[in-house]
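Residue numbers (the working numbering), protein chains in the order written: chain A, 3 to 456; chain B, 3 to 456.
Source of the hints: derived by calculation from the structure; they are not laboratory data.
Don't take every hint at face value.
Copies of the same chain look alike in the list, so a pair counts if it fits in one copy or across any two.
[Unchecked claim] Simulated crosslink set (BS3-like; lysine-lysine; CA at most 30 Å straight-line): (1) 162 to 94; (2) 151 to 347; (3) 81 to 362; (4) 81 to 151; (5) 162 to 347.
Spelled out, the chains give:
There are 2 protein chains.
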Amino acid sequence: MQNQMTGRLRKAPENFVQGDGVATVFAEAKAGRRSFIRSAFAAAAAGAAGTSALAQGGQKASSVGDGDPNILEMPAHTKGLGQPVVTDGYGKPSKYESNVQRRQSPGLTQTRQASVSFAPLQSLFGIVTPSGLHFERHHQGWWDIDPSKHRLMVNGMVKKNMVFTMDEIMRLPSVSRFHFIECGANTGMEWGNVAVPTVQYTHGMISCSEFTGVPLITLLEMAGADLKKGKFVLAEGADGSSMTRTIPMELITSGEVIVAYGQNGEMLRPEQGYPLRLVVPGVQGVSWVKYLRRIEVGDMPYATKDEAVHYIDLMPDGQHRQYTSIQECKSVVTTPSGGQMLLDKGFYNISGLAWSGRGKVKRVDVSVDGGRNWRTARLEGPVLTKCLTRFNIDWVWDGKPAIIQSRAMDETGYVQPTNNQLRAVRGTRSIYHNNSIQSWALREDGEVVNVQLA
Amino acid sequence: MQNQMTGRLRKAPENFVQGDGVATVFAEAKAGRRSFIRSAFAAAAAGAAGTSALAQGGQKASSVGDGDPNILEMPAHTKGLGQPVVTDGYGKPSKYESNVQRRQSPGLTQTRQASVSFAPLQSLFGIVTPSGLHFERHHQGWWDIDPSKHRLMVNGMVKKNMVFTMDEIMRLPSVSRFHFIECGANTGMEWGNVAVPTVQYTHGMISCSEFTGVPLITLLEMAGADLKKGKFVLAEGADGSSMTRTIPMELITSGEVIVAYGQNGEMLRPEQGYPLRLVVPGVQGVSWVKYLRRIEVGDMPYATKDEAVHYIDLMPDGQHRQYTSIQECKSVVTTPSGGQMLLDKGFYNISGLAWSGRGKVKRVDVSVDGGRNWRTARLEGPVLTKCLTRFNIDWVWDGKPAIIQSRAMDETGYVQPTNNQLRAVRGTRSIYHNNSIQSWALREDGEVVNVQLA
Chain A
3 MQNQMTGRLR KAPENFVQGD GVATVFAEAK AGRRSFIRSA FAAAAAGAAG
53 TSALAQGGQK ASSVGDGDPN ILEMPAHTKG LGQPVVTDGY GKPSKYESNV
103 QRRQSPGLTQ TRQASVSFAP LQSLFGIVTP SGLHFERHHQ GWWDIDPSKH
153 RLMVNGMVKK NMVFTMDEIM RLPSVSRFHF IECGANTGME WGNVAVPTVQ
203 YTHGMISCSE FTGVPLITLL EMAGADLKKG KFVLAEGADG SSMTRTIPME
253 LITSGEVIVA YGQNGEMLRP EQGYPLRLVV PGVQGVSWVK YLRRIEVGDM
303 PYATKDEAVH YIDLMPDGQH RQYTSIQECK SVVTTPSGGQ MLLDKGFYNI
353 SGLAWSGRGK VKRVDVSVDG GRNWRTARLE GPVLTKCLTR FNIDWVWDGK
403 PAIIQSRAMD ETGYVQPTNN QLRAVRGTRS IYHNNSIQSW ALREDGEVVN
453 VQLA
Chain B
3 MQNQMTGRLR KAPENFVQGD GVATVFAEAK AGRRSFIRSA FAAAAAGAAG
53 TSALAQGGQK ASSVGDGDPN ILEMPAHTKG LGQPVVTDGY GKPSKYESNV
103 QRRQSPGLTQ TRQASVSFAP LQSLFGIVTP SGLHFERHHQ GWWDIDPSKH
153 RLMVNGMVKK NMVFTMDEIM RLPSVSRFHF IECGANTGME WGNVAVPTVQ
203 YTHGMISCSE FTGVPLITLL EMAGADLKKG KFVLAEGADG SSMTRTIPME
253 LITSGEVIVA YGQNGEMLRP EQGYPLRLVV PGVQGVSWVK YLRRIEVGDM
303 PYATKDEAVH YIDLMPDGQH RQYTSIQECK SVVTTPSGGQ MLLDKGFYNI
353 SGLAWSGRGK VKRVDVSVDG GRNWRTARLE GPVLTKCLTR FNIDWVWDGK
403 PAIIQSRAMD ETGYVQPTNN QLRAVRGTRS IYHNNSIQSW ALREDGEVVN
453 VQLA
């Protein structure tokens with residue numbers, strides 16, 4: 003991690019950047035609200051010291067906090083009668099936030115039914131992902147299934163096959179827990195050293211929600227599952243992709259795996275598997291089977307198409323990594339990030355997300371010099387297991403080029419690797435499970451671009 | 003709390019129940035998804051014991067988990083191609099959830115611009131309130147203010163008056179925290195012993211979100227506020243209601259009060275004060291000034307119209323309770339709750355919410371016999387300070403009349419009072435701050451109705 007200020011600036015492939023979504027986001031990010039293009043900020047100019055970093059930011063006199071009070075003179079909303087209470091529908095964001103959307107990457111997929119949309123991480127705060135901005139990954143499109151007709155079957159190595167209605171499931175003892183879900187392919191373009199321009203596209207296949215549902219172990223106990231011989235469970239979705247994945251029984255007996263119907267306080271969204279999806283904390287998203295219709299208990303892995311052919315990684319020795327499931331510890335700075343512009347030096351709040359499929363995030367360090375020096379960031383509470391953790395750290399930009407990185411450590415002691423450390427183990431031909439340190443280069447002109455350090 | 007099975011059944015006033023919103027919710031709640039009207043549930047019939055309560059529920063044979071597997075035969079969504087990824091807008095709930103909405107109570111207010119809409123607590127899970135269902139309380143309607151034109155002024159007992167743009171505020175060190183917001187008038191109809199039919203209307207002026215913003219103390223320090231003589235702060239909103247409230251300085255120096263722009267991961271919604279609102283954890287919602295445009299530091303309470311004339315309670319001795327701010331410990335069972343139907347005996351998950359403006363919820367007890375016997379419920383994590391806490395407890399209904407209640411205790415040792423305990427102190431002429439134990443009577447026919455016990 004020493005002396006790595008030489009990050010190559012990479013040109014993004016034409017077909018990727020020219021895609022409608024990417025180009026739009028890129029343009030909007032350069033021009034937009036999160037670009038900090040207003041006059042420079044300097045705390046000392048305000049006549050008082052805040053934090054020490056705020057005070058450091060004071061080397062440049064500026065007009066911050068010194069705005070024209072005339073703008074406070076009676077705008078329309080101060081004089082008039084506003085809109086009535088919203089009772090004829092479901093509330094929506096401000097019209098000024100219409101650029102904050104999930105975006106598809108046209109370069110990655112052939113059809114929009116078997117595609118991905120990315121969450122706008124550069125515009126999000128805290129750890130909860132609004133359900134309307136939750137990333138999507140469909141294998142054969144999404145459906146709005148009538149919950150009164152949906153059923154969940156439990157079969158295989160059980161005393162009695164069972165078929166549950168939604169009402170029956172919703173009468174059972176429930177739990178509510180916050181967890182992240184990350185597609186195994188998140189940050190996959192970095193394997194190929196593709197300069198994906200914004201954090202929405204590098205890391206936007208992750209979201210975090212409060213899920214509510216019934217622990218799967220409750221259903222297995224009701225069906226009299228053989229928990230000694232039954233070492234694995236097959237989870238099957240009802241949509242046309244016939245998504246099927248093997249789940250190790252130890253994840254289920256721990257009580258962590260949930261048959262979920264609730265997400266962020268309401269019922270699951272159709273794009274997320276309404277009315278029922280499996281929640282497998284810490285495990286890659288493909289195992290969180292949507293439109294869940296069947297659970298089968300078995301004594302060996304099922305080697306389904308979705309785990310034997312898809313979602314495998316080619317290792318340097320020619321073998322495939324299979325049944326990869328746990329999402330290792332990872333982090334990314336979301337502000338400032340690719341496509342954003344810092345138009346003047348001074349104080350900034352560097353903010354980002356960290357997570358681990360093995361437990362809680364223990365620490366996040368941030369470097370602004372490509373890994374030569376690291377400072378420990380502040381973690382926003384609550385820090386929960388297998389959940390996003392928001393970090394923040396003060397920074398005063400001196401106007402010189404910088405490379406901004408974050409490095410997370412989880413409670414097992416695992417440290418997020420550099421690109422070289424990851425490739426030493428996994429080679430360069432993987433698609434999935436890239437959790438290496440992300441580098442954002444800040445140029446002298448204030449533009450932030452995606453670079454890849456060793 | 004002994005022998006209180008005599009809860010009066012109360013007839014709701016015509017003008018309240020006949021209101022469009024109430025009638026609709028009442029009808030839907032009786033017929034709807036959360037009504038558990040499907041065949042009875044019995045774990046023993048499944049051939050395996052789950053929890054002990056599940057086993058107890060087995061006294062009645064039933065068809066639960068014994069559904070017709072033929073329904074698994076190839077529905078359209080298993081054969082066809084679904085909808086493409088959603089990239090042309092903001093995601094929405096399922097069409098089957100269209101009855102889950104915030105509702106206005108026409109009987110309570112004269113105009114919809116100075117009105118209330120209630121969150122559908124009976125349909126919500128966990129602790130996060132989806133922003134599209136967050137309760138509303140407007141004094142002169144809501145606005146979608148252009149954030150590029152919005153300013154926040156800090157003045158009064160400060161070294162330098164300051165005016166901040168949104169961009170300037172968003173560059174400052176930020177925090178993200180989960181807190182509930184409750185209107186001081188929530189459950190106010192219970193003072194008058196009005197049989198508000200559903201929990202949406204009895205308790206739906208509460209919501210809970212993850213808020214992101216800048217601690218107010220940071221802004222005050224930047225402006226050089228006099229933190230010794232400055233004992234109070236005035237918060238002023240930009241909308242036509244000129245909402246102004248006094249906030250004691252000790253809440254601000256603790257770092258708890260936030261000038262927030264983020265809510266549940268995205269920017270605030272217009273109905274909630276976009277682009278800036280004050281977050282005053284534990285304090286009644288009226289102090290969470292929306293469209294925040296000015297903070298003034300002063301040495302005495304401001305006695306504004308919103309704290310001297312409105313939001314006051316008449317005590318038995320003829321004096322008014324003023325500057326009431328902290329929302330005391332409170333809880334409510336949301337399922338089963340008023341308007342819902344239990345059509346058969348057997349196992350149920352009793353679920354509800356608890357909160358305290360003084361800290362964390364320590365314990366919630368649940369009674370099904372009107373307060374004679376209490377069992378301690380399971381609290382879902384994380385249990386956070388001045389935040390909603392979800393509780394759950396197993397229950398097997400024997401088919402006889404029951405009165406379901408919850409009673410919360412916070413970390414200060416304060417216990418949620420009965421109606422009589424509260425009235426002994428506050429009398430009967432208050433409007434605000436009713437935090438007494440809520441009672442739901444379950445009739446033999448399975449209907450759940452709002453009753454008031456002593």
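Against the structure, the hints:
Within a single copy, residue 162 and residue 94 get their C-alpha atoms no closer than 46 Å, and across copies no closer than 38 Å, so neither meets the 30 Å cut-off. Only between protomers do residue 151 and residue 347 lie at most 30 Å apart by alpha-carbon distance; the minimum there is 23 Å, versus 59 Å within a single protomer. When the C-alpha separation of residue 81 and residue 362 is checked against a cutoff of 30 Å, the pair qualifies neither within a copy, at 50 Å, nor between copies, at 41 Å. Proximity of residue 81 to residue 151 under the C-alpha cut-off of 30 Å is restricted to the inter-copy arrangement: shortest distance 16 Å between copies versus 52 Å within a copy.
Within a single copy, residue 162 and residue 347 get their C-alpha atoms only as close as 68 Å, which misses the 30 Å cut-off; across copies the closest is 23 Å, which meets it.
When the structure is compared with the earlier hints, violations turn up for hints 1 and 3 and for no others.
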